[in-house]
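Asks: As a plain string of letters, each chain reads:
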Amino acid sequence: MYKKSIVFRLPRRYVFKLLLTMKLVTLLLTVTFLQAGAMGYAQKVTIHVKKAPIANVLEQIQQQTGYDFLYNSAHLRGTNAVDLNFKDAPLDEVLDACFSGQPLTYQIENTTVLVQRKREAIKAIEIEIQQREISGRITDHEGKPLEGVTVAVKGMTMGTTSNAAGQFSLQVPPEATVLVFSLVGFEPTEQPIGNSNQVSVSLSPSLSDLDEVVVIGYGSVKKSDVTGAIGSVGRDAIVRTANIQAAGAIQGQVAGVNLLKVNGKPGDDYSIEVRGLNSIGKGNEPLVVIDGVMGGSLNSLNPADIEKIDVLKDASATAIYGSRGSNGVIIVSTRQGIPGKNRIAYDGYVGMKTPTNLPDMMDGPQFVANFNEVLKNGGNRYFDEKEQQNIANGTYTDWIDLLLQNGMQSSHNVSLSGGGENSRHFFSAGYLKEEGNVPAEEFSRLTLKANIDGKINNWINAGTSTYISYSVQDQGSNEALRSAYRLRPTGDAYDENGELLFWPTTSDSQTPNALFDPLNVKDEFRNFRVFGNLFVELSLFDGLSFRSTISPYLESIRNGTFAGKYSKANTGTRNGRGGYSNELNLSYTLDNVLSYNRTVKSHSFSGVLANSIVVNRNEGASQDVLDLPFDSFWYNTGSAGNIDGVSSYLTEWTLLSYMGRFNYSFNDRYQLTLTGRADGSSKLAVGHKWAFFPSAALAWRASEEDFLNDVKPLSNLKFRLSYGVVGNDAVAPYSTQAAIAQTLYDWGGNAALGFAPGAIANRSLGWERTKEINLGIDFGLFKNRISGSVDIYNRKTEDLILNRALPQHTGFSAITANVGSTSNKGVEVALNTVNVHTGDFSWKTTITFAKNNNKILELYGDNQDDVGNRWFIGQPIEVHYAEVFDGIWQLDEAGEAEKYGAEPGHVKVKDLNNDGRITEADQQIIGSPLPKWIGGMTNTFAYKGFDFSFMLYSRQGSMVYSPFHHSNFAREWNGRYNKLNVDYWTETNPSNEWPAPNNTGGRAREELKAYVDASFVRVQNITLGYSFSPNLLSRLKMSGLRLYLTANNPLIFTDYAGFDPEWSEQNTFNMGVSSATYLFGANISF
Amino acid sequence: MKTIIKNISSILLLTWIVLCMASCSSLLDEDLISDRTTDNYYVDEQGFEDLVKSAYAPLRDIHKQRDLVLLGTDVFTQVGDPALGGLNGLNEYSAQAINPQAEAVETWWNMLYTAIARTNTAVDRAPTVSMNEGIKMARVAEIKFLRALYYFYLVQQFGEIPLPLNEITEVVTSAERVAEEQVYAQIVQDLENAVTQLPLTQEDYGRVTKGAAQHLLAKVYLTRGYRDFAASDDFAKAADNATAVINSGQYELLGTFGDVFKQGNEENNEILFSVQYSSNTVLNGDGNDAHSIFGQGVDGLIGMDRSSTYNRQQPRYVPSRYLASLYDTEADSRYDATFLRIFYATVNQGDKQVGDTVLFFPEWNQPWSAERISAADYIAVNYDEYYMNTSKFTQFPPIWKFFESGLPYGDDKGTRDLFVFRLAETHLIAAEAYLKSGNESKALEHINAVRSRAGTPGMKDAMALSSVTIDDILDERARELCGEEPRWTELKRTGTLIERVKLHNERASVANSIQDFHLLRPIPLSQIERTTNNFPQNFGY
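Protein sequence lines, in the order shown, are assigned to chains A and B.
The numbering of the first sequence is the numbering used here, which starts it at 61 and goes up by one.
The numbering of the second sequence is the numbering used here, which starts it at 1086 and goes up by one.
Incorrect hints may appear among the rest.
Taking beta-carbon pairs under 7 Å as the criterion, some of the chain B residues facing chain A (in silico) [said to hold, decoys possible]:
id : residue
1  : 1120
2  : 1123
3  : 1142
4  : 1146
5  : 1171
6  : 1195
7  : 1244
8  : 1247
9  : 1289
10 : 1363
11 : 1432
12 : 1435
13 : 1612
14 : 1614
15 : 1615
With a straight-line cut-off of 27 Å between C-alpha atoms, the simulated DSSO-like cross-links for lysine-lysine are [unchecked claim]:
id : chain 1 : residue 1 : chain 2 : residue 2
16 : A       : 625       : B       : 1498
17 : A       : 110       : A       : 904
18 : A       : 446       : B       : 1437
19 : B       : 1149      : B       : 1437
20 : A       : 1004      : A       : 204
21 : B       : 1587      : A       : 959
22 : B       : 1437      : A       : 625
23 : A       : 111       : A       : 204
24 : B       : 1498      : B       : 1347
25 : A       : 1004      : A       : 1069
26 : A       : 282       : A       : 843
Hints are computed from structural coordinates only; laboratory data are not their basis.
These numbers were taken from a predicted model, which means no experiment stands behind them.
Glycine included, every Cβ here is placed at the ideal spot set by N, Cα and C.
Bound-form chain A, shown alone (with noise of 0.2 Å):
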């Protein structure tokens, strides 16, 4: 009876319908049956509509009578529209109403209605029993052809799916009266059929993800079986920003995934957090898994290139991923192959990035100013005599206008995706480039993906697929930015002749010319990256499959170092010195999975078991010499006069598992997942190597439940509870062993190399384990116009793998132990609302928000806080414990300042406990850099051809120790450099900000004014889009065409005075610029 297997997704109420009806077809056509005999019916009907359809009509008589109607819908093709309008009515007395005039006649049999066309007119159908083939063209919103969609006819079991042209055609029963459009993402859209026999349609979009599949580990499923805490980001909004990065991409799009950029030098990564800090200083980094492929790095990947992202976040979610899965997992699917045409697309961008929001400087006048005040109080600096000469014209010196840069940014990338019946392809070749705003600063990156899979026989599935990463990072001179902002504006960049001074004042001996840095420093990075996998697949019986991957990863990371003599580091008076260093990792995953798949009835099955081996090898070597007769950077490190230092190493560790998952679903309402993993870790201790970590989940949609059904607006409502254990060996390997370090010493001249006790052994250092319950609720309104998901959780890490500092009296200052615990509850918020849906328009918004509460409950077991290490029970485990700045002593406080032993003009630090004396009692905790919320908010539109997007930001409640403020750009008041722009107090300017210059109170006091706010709004990304009408493309041969501008970071709302709050954490040494881009795209398909 089927001619070809399609699957349906009908509501349940549907499949039962159709399943009434074919069962009434065959009853006609075989027996005569019951006589119609009309009984009285105590049934009372209320009615009241006009021009309804007859189908209408019987589902509202059958939701009030509860009767059923059997009837073949093609049988109610050509009756007419009916008005109706009655009130407490009998059954009989309005169904006659109803097929009063139509080709239609009824009887009741109990509680059933059988409904059926007049004798005559079954003649008449008869005799059209005739097929003809319907064939059209199905197209999404934007016009561009939809590949792969289901065409069914409505009430049959007919159907067929779309080619990459969108085109199909279908044959079709006579009595076919509407054609059902399908497909992932898409609204499912009815169609009737005419009398043409050409129908094309337009799908929009889904509101609804509910059918979107997630990937889990080892195994996908629809996210309306999702069990667990997982978000995910998929293409559009990955690719809508350009971002360099792919973890940029994300940022903000996943409540409850902190992302954080390191720093701002071209190529710079992000650092990732999911719900919270759990460990103390050690690692909480999620683990990435490429395509399967675990341990990789998202800045390995071209953006382009990813299909979705799906970020699993409580500890049901990551269980199968077991110890490695403690800091939350990020999956990243690339993109794969379609069955169907060769298709040819091109993504590529080109722009300009450029330095913005720069700190606040002082100018040439304010400087000399400041310098004044400097000398007044105390100060020993002095201009020499051109900088008094200078001073005397009024010519300055703008050190950062004269360095930094515009910088330009493009990337290009060509991808060829394909498949037949039984194979897919995919591949792709990108090429992306990034320069500095600061000069020599450069990120390179050329990727390549081959992705091929398919049948060898109906039993087994192979494929393999390769990513090869190339990506080449000069991040130029550490000293290059900073010492444009230290270097007085009363210098020279240019000596008379207008050659380049090294020194611009021989006032100062410390920062040459920021000039010179930059064509004399190099610090390059060459990364050399390939993973993939290859696997074999074999269905065994019926449900049951067996997977075996091999997952290499194989890595090159080469830095090469550079100092020539006119750099800072080498004042222009040594000679070049240079550094080579290689890393080799290599590491494999092997997994074997069994996987099994049932469905009985009403019940669902699935299960998996595995089996995982991780084998991980790094090694590296590096040299670095000094005293290089000429400028050969790294590239002949025997030519130097002098060796630095030569170093090798190697580093092993293996991860041993079991797992195990089962997952049971009954009506589609309940839902049960149950995991298991026992990991062995080589890296911890003897004895202590296995442990066991489970996890249960449960799920409920009760949108599917009966009693639901009437509340309209209510169209998905699931709840979710989690609860399970993860593990975390988060340590360096042979971290329990005492290993030994080298020393340096000296025989009279000749070599005299020691080896000192490193660290004491710990011969019981076993797993950190989270615990955490997750209750989550996942929710859809108004035909999922709002969607969206709220979660809360409570995480708690014991046995913290603990770098637990130890009074130094015995000779070292820490040991690695399981102490100590950690509690991180939050909740999560992700909200997706329609806010105006029309044939042309449309506008969407994405709202994700997350708060986070880190908490230390336990240090050594005796409740104490470990004051030198800043940790606190009860309090986060990231603080800022310091004197709390109270202001600065103004003259009329003289004689009370005097018992503090300060002077006016000195930074007034409160007194805490009111001794009269300032001492350790009157430091307290006074903020913590850990944000109190994040929030992201996109907003998208379309207009016909037209999208337009932005993303705002958010990171609020973030206090940092600001580097940019304690190294000399807020500090060190003696006028060696020049000063970020502040209200400094002097005596006719009682500031109660900054100190006096030169007169603060001391240098612990100047930096409390490095405790600053880093709270910020950022937009993030403002992008418009133009996509061209498929009638143009089709003439152009083209199967889609967008071009879009794009700016990223054109703003940002911030109180934070030095670059850019998202890493204020960063150094002054080897510090990036804050920069916005703005960029010219188009996406071209074939």
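Once you've looked at the hints, dock chain B against the given chain A.
Replies: Relative to the frame of chain A, chain B by itself:
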């Protein structure tokens, strides 16, 4: 057929899984190839020798930490006219600078205890190591010398301190402060032991010898002799040990003071013990910085470039004017051998040609008149202006005896050995010990040995003293050993610290902060915070 294939594949599959699992049992064993552990390395001669060497290595960093031993004394200070303020440094005993969180204090504590842990490990492990017993005995003696030296450095600064004497292999979070008397007893015991076991000379230059141990023992006895827990014969034993070194025949005072500091002559006969540095950059690590921290920057002056000629100088330890005033500018060769008073142009610039005088300091006791200074075509700075003038605060004659020529500009990785003990000091210890024992003639004999050697040609006899006091000895130590001796502990030992600081360190004197409690340093806050039992702070902090 298909079923058979399927069955075969199922069997292969099972075999595959079993194989995978079977191979796993050993997968989790750690095989540490690139490194060794304390337990598998300190078992034979190689391992033990390397452990001993590692106990020497901290000598470098410890002797580079000069804040606590030089600043705030009579002969070293920091720049700046006290009238201009800024008296908030360690040199001025400001509470802002000397407190439990002071970096200098914590560094001193941490690096010495780290070094002591190495010596303890070596002492404990020695009995189980299989190697030549004679060599082992000498090595243990070296280790005991080092342990004694490290504890001596600690106890003088901090007073009552924890006294671990064994290797620590487990978590320890409690600590007790042990009476100074007990610490001194341990130091004496280690040294007495070392003196009997150590050879007179060592094949490896730089290892501890019997002479070095006797010198240190003499100093320890001398130091304890002043204390209320002194043994009655401490001064006598100090004198005995010092004399034993002097009479051992191993060492002699070189002909001139200048010879002692001639670059390249670091391994001379006057040296008992020195911190080793090497011209091999790998072995040299961070190197010796003594050439660059007693000076002052001249590279801003016209005619001066940034070159190795004078290198980059940082005025970290500024010789006080009192120090300069101690020298007899005619009779004492050490005045000119210690200070650099004339700088020549290193580059043609302005009106200066290479070799022209750029900066000159007249002898301290023969200042130039204002007319003469303004008439000179170079800068001249008189004694009363040293390091005081705002616009040229760095102008003072720097201590130049440690200077190393040939180093690239800005390079603080000096390669010259740093003297810890030399025979001149042994004489001065002997002089002090005899004086305290009431034998002034013997004391005179020893102090005059040093003074006479220092005399300029024809003036050797004129240098001789006819009477001697503790102040004479301290002044003599300053002339002979400035920058080498830990001046702060010398003054503390003799009970003259507060008085001399107030008299001769102008900045500390104006700040007037120094009090009795400053004779002990604050215990580092981290030690107190990390100790689980009560660990009292020194009084006053």
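Asks: Hint by hint, say whether it matches the structure.
Replies: Against the structure, the hints come out as follows:
A cut of 7 Å between beta carbons decides the hint on residue 1120 of chain B: the least distance to chain A is about 5 Å, and the hint holds. Contact between residue 1123 of chain B and chain A, as hinted, is supported at the beta carbon level, the nearest pair being about 4 Å apart and thus within 7 Å. Evaluation of the residue 1142 of chain B hint against chain A yields a held restraint, the C-beta minimum of about 4 Å falling below 7 Å. Given hint, residue 1146 of chain B at the interface with chain A, is violated; its Cβ is 10 Å from that chain's nearest Cβ, farther than 7 Å.
Contact between residue 1171 of chain B and chain A, as hinted, is supported at the beta carbon level, the nearest pair being about 5 Å apart and thus within 7 Å. Taken as an interface hint, residue 1195 of chain B checks out: its beta carbon lies about 5 Å from the nearest beta carbon of chain A, inside 7 Å. Taken as an interface hint, residue 1244 of chain B does not check out: its beta carbon lies about 14 Å from the nearest beta carbon of chain A, beyond 7 Å. This hint holds: residue 1247 of chain B has a C-beta 4 Å from the nearest C-beta of chain A, less than the 7 Å allowed.
Because the smallest distance between the Cβ of residue 1289 of chain B and any Cβ of chain A comes to about 4 Å, under 7 Å, the interface hint for this residue holds. Restraint check, residue 1363 of chain B versus chain A: the minimum CB separation of about 4 Å is within 7 Å; hint holds. A least Cβ separation of about 12 Å between residue 1432 of chain B and chain A goes past the 7 Å threshold, and the interface hint is therefore violated. Among the interface hints, the one on residue 1435 of chain B is violated; its C-beta lies about 10 Å from the nearest C-beta in chain A, farther than the 7 Å criterion.
Interface restraint check: residue 1612 of chain B against chain A, minimum CB-CB distance 5 Å, threshold 7 Å, status holds. Against a cut-off of 7 Å between C-beta atoms, the interface hint on residue 1614 of chain B holds, since the closest Cβ of chain A lies about 4 Å away. Restraint check, residue 1615 of chain B versus chain A: the minimum CB separation of about 4 Å is within 7 Å; hint holds. A threshold of 27 Å between alpha carbons decides the hint, and for residue 625 of chain A with residue 1498 of chain B the separation of about 17 Å falls inside it, so the pair holds.
Distance check on the hinted pair: residue 110 of chain A and residue 904 of chain A sit about 34 Å apart at the alpha-carbon level, beyond 27 Å; violated. For a cut-off of 27 Å, the pair hint linking residue 446 of chain A to residue 1437 of chain B stands: about 17 Å separates their Cα positions. For the given pair, residue 1149 of chain B sits about 36 Å from residue 1437 of chain B by alpha-carbon distance, which is inconsistent with the 27 Å threshold. At roughly 12 Å between alpha-carbon atoms, residue 1004 of chain A and residue 204 of chain A fall within 27 Å of each other, so this suggested pair holds.
Proposed proximity of residue 1587 of chain B and residue 959 of chain A is supported: the alpha carbons are some 23 Å apart, at most 27 Å. The straight-line distance between the Cα atoms of residue 1437 of chain B and residue 625 of chain A is roughly 26 Å, inside the 27 Å bound, and the hint therefore holds. Restraint check: the Cα-Cα separation between residue 111 of chain A and residue 204 of chain A comes to about 36 Å, which exceeds 27 Å; the hinted pair is violated. For a cut-off of 27 Å, the pair hint linking residue 1498 of chain B to residue 1347 of chain B stands: about 18 Å separates their Cα positions.
Restraint check for residue 1004 of chain A and residue 1069 of chain A: not satisfied, since their Cα atoms lie roughly 53 Å apart, outside the 27 Å limit. Between residue 282 of chain A and residue 843 of chain A the CA atoms are separated by roughly 18 Å; this keeps the pair inside 27 Å, and the hint holds.
Violated hints, in rising order: 4, 7, 11, 12, 17, 19, 23 and 25; the structure is consistent with all others.
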